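Trainee: What follows is the residue order along each chain.
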Amino acid sequence: MTVFVIRRLMQAFLVVFLMSVIVFFGVNIVGDPVYMLVSPDADQADIEAAIRRLGLDRPIWEQYFLFLKGAAQGNLGDSFVFGEPALKLILHHMPATLELAFSALFLAIVIGIPLGLFSGLYPDNPVSKGIMAGSILGFSLPTFWVGLMLILLFAVELGWLPSTGRGDTASVFGIQTSLATWDGIRHIFLPALNLSLLKISLAIRLTRAGVREAMSQDYVKYARAKGISTGRIIFVHVMKNIMIPVVTVMGLEFGSLIGFSVVTETIFAWPGMGKLLIDAILQLDRPVVVAYLMIMVLFFVLINLVVDILYSILDPRVRLQDQGA
Amino acid sequence: MTDATLQPSSPATAKVETPFQRFRTEFFESRIASGAFVVLVIIILLAILAPWITPQNPYDLAQVDVLDGRLPPGSEAFAGYTMWLGSDGAGRDLYSAILYGLRISISVGLASGVIALLIGMAVGLIAAYVGGRTEAVIMRVVDLQLSFPASLVALMLVAALGKGVDKIILALVVAQWAYYARTVRATALVERGKEYVEAAQCLGLSKMRVVFRHILPNCLAPLIVVGTVQTASAVSLEATLSFLGVGLPQTEPSLGVLIANGFEYMLSGRYWISVFPGIALLLTVASINLVGDHLRDVLNPRLKK
Amino acid sequence: MTAVLEVSGLKTHFFTHAGVVKAVDGVDFTVSKGEVMGLVGESGSGKSITGFSILGLIDQPGRIVEGAIRFNGEDIANAPEAKLKAIRGNKISMIFQDPMMTLNPVLRIDTQMMEAILAHEAVPKKEAWERSRDALGLVGIPSPEERLRAYPHQLSGGMRQRVSIAIAFLNKPDLIIADEPTTALDVTIQAQIIYEAQKLTRQTGTAMIWITHDLAVVAGLADRISVMYAGRIVEQGQTDDVIDRPLHPYTVGLLGSVPTANNRGERLFQIEGMTPNMLALPEGCAFAPRCGSASAACKVPPPVEHIADRELRCYHPQAQVAAQ
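Chains as they are written, first to last, in the numbering used here: chain A, 1 to 325; chain B, 1 to 305; chain C, 1 to 324.
It is possible that part of the hints are untrue.
To be verified - Over the 12 angstroms line for every Cβ pair with chain A, so calculated as not near, a few chain B residues: (1) E29; (2) I48; (3) N57.
To be verified - Below 20 angstroms or equal to it, Euclidean Cα-Cα: the simulated DMTMM-like pairs (lysine to aspartate or glutamate) are: (4) A/K129 / B/D143; (5) C/K85 / C/D59; (6) C/K11 / C/E74; (7) A/K221 / C/D59; (8) A/K69 / A/D46; (9) A/K221 / C/D98.
Just so you know, the hints here were simulated from the structure itself, not pulled from any lab data. Remember, predicted model here, so these are calculated numbers, not experimental data. We treat Cβ as the ideally placed atom computed from N, Cα and C, and that holds for glycine.
If we strip away everything but chain A, and leave its shape as in the complex, we get:
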């Protein structure tokens, strides 16, 4: 077990290192940020001063080495635009993104699972066919376009909900969150719904497939033969069987929710990491882009590591297979 964890940890380190090379060199080949940051009427001396200040005059491998040295100390460089440490900027925007992703995950589960359950239990019902058509649409619709339509309908036409910003936040256990105020909840609803749309479709499909499979199993027929009530069969015998895989998969999707939040945050002007990234890309703020990408790489590698270890604890066969390979 320990050997397995150590091997996985080493693989994770290797991945993070490789990604840091790819990301750093990739980002630094593009454009020249100096011309964006120095005023157009600056003379050559000003520009050279700026280049030296930003460390752009050194060879790129040396810049990378400095970056790596900094990264080991938790310093991913200073933002060209804000002059603040990039890591601090990202951590500052992270709570808003996490809050949005959690809300979206919550919506996906409370909306997707009941709809999937219904359409799995009554596959021939017209409502079920509607739900399935909706979930196919949910997979096809580009997130950003749905976001636009949500704004058009609820903010512009109906005027029910605000379409930009985070609204009031309040502190709960020391964390600033919109979910603690009514104004905040009104602000988070549309972006969270937008972000959760794909995951709602996913939850519907997973639940429906699970329910249909479980309902055809002998243990359901056996439970009926025991005279168990339909409600108990569905909510105890069937749901208990499908909830474990469905919730596991949904949990795994959390990482992709954070990735997708880039789109939603841009549309709804939600002040999270995703919007920060897009702004940084457009302004060629390289340290922030690199820092964001490194944080995401770390984040995903971490999720995969945890999942791998969890699976190996739950299922000893995974471990054996790995040793054989």
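We have chain A already, so just place chains B and C on it with the hints.
Mentor: Showing chains B and C alone in chain A's frame:
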């Protein structure tokens, strides 16, 4: 054995169908899939024929009049024709802009789809056929990449590469090749284990011949299915990146760029500039997905009884 | 002897896209109190569907189209769901074929046993638990308290089937339908399970329908045997009579294909042809195409003939052949 037991169980012997004919019949049995197929064909035709069926070339500055800007649907352009879908901020006829945008969106989606398919197929076949350490390394890389959402991979790449058609296609290819590789490898592994491949090897056929003449044709069905779904997702992903302003530049206005341009006008009620290109995008992506979805049902032998 | 169950003229058909499958097509039989009836037939002969019909567990696209199922004198064919629910697992319980599949993998044994009691009786949980424990003891499971806390996958196949039997007897039913309960088990375990089931029916006076494709299994267990072919009972009678003097050519064939110590070295008999296509049954006797004695008369469905206390659907009783 008697006639009575044999006859009803094998109605297919009555008329001999080629696999393609059977596939066609089964595919068009579904009304939704047939409808989606028709819509897709129309969209592709519109995109191909755009220069001949639009009143203006929206990117020929001589044909665009800024005074026509932001006209609602049905307005008359300065040049005299009716702008059925209205015009955008720069005075371009939206109907024309959408058809030209479709050309770009579909070309980018198809190009990246085909390149990713070829690369993924080659890698998958190599992994399945060579096996051993090569396979282990390749599949590690594939698994690693698939653990990141494709959209995030593409976003990372454009963040690093910058704007432009070539860069977007490269980003989409890198984001998607792994899906093809995994599919091909999985199918090829199954085929490799089958007796006919063993038989072919016993006959002393060359490895290349076994791979290309025997294994590859059997991987085609799942490849087609993955290909349609991935192409739809490439079109959608390109639109998303372009909408975010990190995809195609203004000089290559795909549907995503058009939608992004209309976004600033939407809050003031000029919905059409974003909505109509959006509907075109939606129809394209949804029809490809529906066709792909049904292809999966028809081509997947496991679902057949 | 009083009849617990009287099935008469039962027809259960399945309305599929390809056509109507007459899985059960006119079945009559009676099971008396404390009696064990063996229902024998090949797979697809409709024996399991007959069992499920009695419990009203026929799913779309199938339904009971005709006939009566009198249980303790009351017709429960197509009875309202609420009434059937009260009977299932309570007055009539069922044991399924594969114990790997019938116990819910994510629920503990105690949950699955207690719910069978609590679904029919408002008793305290403690009492339900105690009854479950005692039931496990009755079917010969050592340290039942421990087993109650286990999940199904922690038990062996034979152990699981004992649990199923314990569940079947939990509510002291009048009738148990056992659908091939030993088919999925090893031969030695098979014998133990049959022994437990036999012992319990004797002790409790519960009637039982033992569905199987294996004549050897019911030969030592059942009081009477009904042989099913293509949705109909072709022969029934006392076990000894049917085994010693089979009348229907199909029964003769089934018996001939069982290897025994007596015909060692001889060629095993084999019924010619294949099981019939249920979508396109031949006119008249469904077995005729495979039958050595078939004649032109067999084009007309043979009626039920009563010979002493036996019933037969055949124009060509095989008594002479078997008597040799």
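Trainee: Holds or violated: A/K221 with C/D59, Cα cutoff 20 angstroms?
Mentor: Between A/K221 and C/D59 the Cα gap is close to 10 angstroms, so the pair holds against 20 angstroms.
Trainee: Holds or violated: A/K221 and C/D98, Cα atoms, limit 20 angstroms.
Mentor: It holds: about 12 angstroms lies between the C-alpha atoms, which stays within 20 angstroms.
Trainee: Would the hint linking C/K85 and C/D59 be met if the CA-CA limit is 20 angstroms?
Mentor: Cα-Cα ~15 angstroms, so holds.
Trainee: For the pair supplied as a hint, A/K129 and B/D143, confirm whether the alpha-carbon distance does not exceed 20 angstroms.
Mentor: 34 angstroms, violated
Trainee: Is it correct that the beta-carbon of B/E29 has no partner in chain A closer than or equal to 12 angstroms?
Mentor: 17 angstroms, holds
Trainee: Would the non-interface assignment of B/I48 survive a Cβ cutoff of 12 angstroms against chain A?
Mentor: Holds, because the least Cβ-Cβ distance between B/I48 and chain A comes to about 22 angstroms, which exceeds 12 angstroms.
Trainee: Given the hint that C/K11 pairs with C/E74, test it: the Cα-Cα distance must not exceed 20 angstroms.
Mentor: Distance of about 18 angstroms is within 20 angstroms: holds.
Trainee: Taken at face value, is the distance from the CA of A/D46 to the CA of A/K69 at most 20 angstroms?
Mentor: Roughly 28 angstroms separates the two Cα atoms, so the pair is violated.
Trainee: Could you let me know if the closest chain A CB is still more than 12 angstroms away from the CB of B/N57?
Mentor: Given a closest Cβ separation of 26 angstroms, the condition holds.
Hint compliance for this structure: hints 4 and 8 are not met, and every other hint is.
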